[in-house]
Amino acid sequence: VILRLWAVFTVVIVAVAWYLTVIVPPVEHQATTSRTLLEQYRTDGLVPEPGHLVLSDEIGHETFDIPEEDAIHLAAARRNAGDAMEESTDVGMTMGESSMGEMDMGADKMVPMTMTELPEADSIETATESAGVADEDHAIEKDHLVSDFKEHSDAPVVDEDHPHEMASVADEHGADHETSEQESTQLMPGLTNAGAHSSRNDAHHGETAGGHGSGGIEVGISILAEGSSDEMPSLIQGIHIDHTATIAMHEWGYDPMSFNVGVGDVVKLVISHKGSIPHEFMLMGELGMEAVNYRLQRADWNLLEHEAIFERSIVMPGEVFELVVKIHKPGMYMYMCMFPKHMQFGMMGMVMAGEIMM
Amino acid sequence: VEDRTATTEKVHAAMWQPTNLLGQLTVKEFLFSNDYRVISVKGILASLLILALGGIFALTFRTELAYPDIQFFGARTYMGLMTLHGMFMVFGFVIPIVLSVCYYLMPKVLKTDGLLWAGWLQASFWTLIAAVALLIIGRPDFTWTFYAPMSLRVGGNLVWCGYVAIVLVAVSEFLAGAALLRNVFAWQDSWKSLPLLGWAMLTEGGLLILSTPALALVGALLLTDWLQLTAIFDTARGGSTTTFLWMFWFYGHPAVYLPLVPAIGILYTLLPRFLGRPMWSRQSGIIAFVLLFVLSFVVFHHHFQPNVTRHGWVQRFFQIMTLLIFIPSTLHVFNWIASLWQGPIPISARKGIPFKFLIGAIAMVIVGGVTGYLNAQISVDSDFIHNTYWVPAHFHAMFLGFCAQVAIAGIYFLYPYFTGRMYHSGLAEAHFWMWQLGIFSKVMLMYALGMANFPRWVVDYLPLPEWVTAQFWLTIAGYLIGLGFALFVLNVVSSASRGRPVGASDPWPIMETPLPDVPAPTPVWKETTK
Chain A
1083 VILRLWAVFT VVIVAVAWYL TVIVPPVEHQ ATTSRTLLEQ YRTDGLVPEP
1133 GHLVLSDEIG HETFDIPEED AIHLAAARRN AGDAMEESTD VGMTMGESSM
1183 GEMDMGADKM VPMTMTELPE ADSIETATES AGVADEDHAI EKDHLVSDFK
1233 EHSDAPVVDE DHPHEMASVA DEHGADHETS EQESTQLMPG LTNAGAHSSR
1283 NDAHHGETAG GHGSGGIEVG ISILAEGSSD EMPSLIQGIH IDHTATIAMH
1333 EWGYDPMSFN VGVGDVVKLV ISHKGSIPHE FMLMGELGME AVNYRLQRAD
1383 WNLLEHEAIF ERSIVMPGEV FELVVKIHKP GMYMYMCMFP KHMQFGMMGM
1433 VMAGEIMM
Chain H
459 VEDRTATTEK VHAAMWQPTN LLGQLTVKEF LFSNDYRVIS VKGILASLLI
509 LALGGIFALT FRTELAYPDI QFFGARTYMG LMTLHGMFMV FGFVIPIVLS
559 VCYYLMPKVL KTDGLLWAGW LQASFWTLIA AVALLIIGRP DFTWTFYAPM
609 SLRVGGNLVW CGYVAIVLVA VSEFLAGAAL LRNVFAWQDS WKSLPLLGWA
659 MLTEGGLLIL STPALALVGA LLLTDWLQLT AIFDTARGGS TTTFLWMFWF
709 YGHPAVYLPL VPAIGILYTL LPRFLGRPMW SRQSGIIAFV LLFVLSFVVF
759 HHHFQPNVTR HGWVQRFFQI MTLLIFIPST LHVFNWIASL WQGPIPISAR
809 KGIPFKFLIG AIAMVIVGGV TGYLNAQISV DSDFIHNTYW VPAHFHAMFL
859 GFCAQVAIAG IYFLYPYFTG RMYHSGLAEA HFWMWQLGIF SKVMLMYALG
909 MANFPRWVVD YLPLPEWVTA QFWLTIAGYL IGLGFALFVL NVVSSASRGR
959 PVGASDPWPI METPLPDVPA PTPVWKETTK
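Which chain is which? The protein sequence lines are A and H, in order. Numbering-wise (the working numbering), the first sequence opens with residue 1083 and increments by one. Numbering-wise (the working numbering), the second sequence opens with residue 459 and increments by one.
Possibly wrong hints are sitting among the right ones.
Using 20 Å as the maximum straight-line C-alpha spacing, the simulated SDA-like pairs for lysine to any residue come out as follows [to be verified]: (1) A:1423 with H:838; (2) A:1423 with H:667; (3) A:1423 with H:486; (4) H:486 with A:1092; (5) H:486 with A:1153.
Calculated from the structure, these hints are not laboratory results. None of the values given here were measured: they were computed from a predicted structure.
Working from the sequences, and respecting the hints, build out all of it.
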């Protein structure tokens, strides 16, 4: 009797549970986090409202100062970057990060100023000064670069044919401060200098260089053209190509892993995907690498987009594209695939320019 | 070395009288009696019910997984089924069923003919039933390991049922562990003479009471985190998922030995019983239990090895400890093999279904254990194995292939003692072969899928040839196991009234050769039912 009752009971329970689980399952549910740490920090007044970070009184206090060890780190990064940083402030460092301020995530709002590369913060400051609303007390940190920058800003290489770039700069910093187009151009000596070499293709090049939002044109190398081999001839009309380098990517590596170029050379890179899964092609300068390294050590900055001189975020198997770059400064430039683990598996290579050729 | 377990049934023949226990019980007695036989048979039947639940869920999502793409239901239903399958099988089936078999064997092997603290075992049983009921009501989809903060975000308004169920499972297991220890410590004789089942229960009790507080704490903290009273695990509010991992797996690794240790104990009891001679070595069995107990608490990090990278020596320590598990496991397995090897296997054992299941279980524990060598390596685990089907293959070989098969052997063995009748040997034979074929092919196909990097916890997959074929046959293997279980249930229910009565004689006589004037130990059903 008990066994039969048990069998009937089992059938009933199984049927009920099956009905509940399969026929009428609970609705799919994904609770949002109720109150994040960031919200708590906002409530505590530790995070300023998004927007006018530079002009806000809130940021004067030490929360957003660059910690001492970070300053040391940055100084070391500058030393590592070598001559490019010490001598030539006419080409500032990384300009493109300014667009980070537009990122949506509140947590990152503070970043463009603290993170880093002082010239950028300084240049914002300079912008506010030239717009007549600057307040020296708000300075985050002063640096010799500011004065250097000012000297050079007297004679910017202004190209009136650059509306695209200027518009983007003006959008980012000028809108609130009513910075004139001319002034905003002065903020971007690196951009204008680098761009001056290929004014014909500038509209295209601006997009390319700033392609993924952080858009850095770094010192030392500039992208003149990017496209498929069919488009390339029209894009590089009038540009003299000194070298052509063929780079093949595969699992796991680039072939060749390193090559040398001379300073001042215009190099055409023919990048082909010989592997079987999607990859990325990214070109970075030494300073960019330092910035990534630096940020990796700061847990709260891990989620930031990294800046690259050039990034093509998806290269499909079999795809071939070309890139024309001009080398301005001696140094090391790296290309890599930053998909998770790919670089660790060996997908990186380097371009050595100038005296430190291998 | 004298083994008392081998001669227990001779010394205490009175205790081993087959009776129609189930036929004599009223429903009220069945539900609430503190008699150890009733608690045992109740636990077995409830575990089989939960096995039916978990099995139906498994077959349901296996049907969905037979072909790529979505056929019947989507991810929410799949995750719900998968979660309940995992929780029912681990907490509701495999641990309780081996314990329930031990509840029956232990008083007889330890010659007490009664369980102390049986009331706590009763409470343990009903707590577990409450947990199962809560899980059916709540239908959470947070997987059976309920990693935070995911388990705090999914599941909907009824997810608290899941957290409470976790606490109840912990309470149930703790009570069982305390009662087991109490009964082992009631052993009056010298510790040297404690039967191996007693050592198994000692180990099991220690594992239970030391590990389950962590589980109860995890469940309670999940509840308070969900209610926003605390923020222990909720990363958005400053909690730590690493804390969760360390707390949960502090329970979780001993937990995977919770079904293993009683199963080994049952094997140590039944194997000499069928062979008619003591185990090859008592000493190695005791040493292995002690080692297993100690090591089980210092290997848990391998469960989340690739997720959380630790200092190199922390990782190396856990890897070395994990590899050391091979020593007790191998001691056990070679003890069984040597026992089988050291003399002829009686014809009664060869024809006995319980013995066949024991042999099948030993085969599967070797399959699961040898391949477990790969899981234990950090490098292989991180790069190839973790979160692939390899891992379910490993623990299905162990849980289903070993623990569940030993429990089934125990149930077939105890069947005459519960009903006074013998099961139908044809159905049992069919059940046995369906399970061997089903479990072996299922486990092997899961290993193959794991080597093809098939990820765990997916309802849909790419139609890669190496995945599609294996998934299809995996589903067939699942159905085979399900069919075998259906035959088993049919056998259990129908043989209680139609099986051959065994009378007061020993239902498991040891016979070296089949004699014409002695009735065969497992006669054909048709002869008996006329």
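Worksheet item: So which hints don't hold here, by number, going up?
Response: Per hint list: 2, 3, 5 violated.
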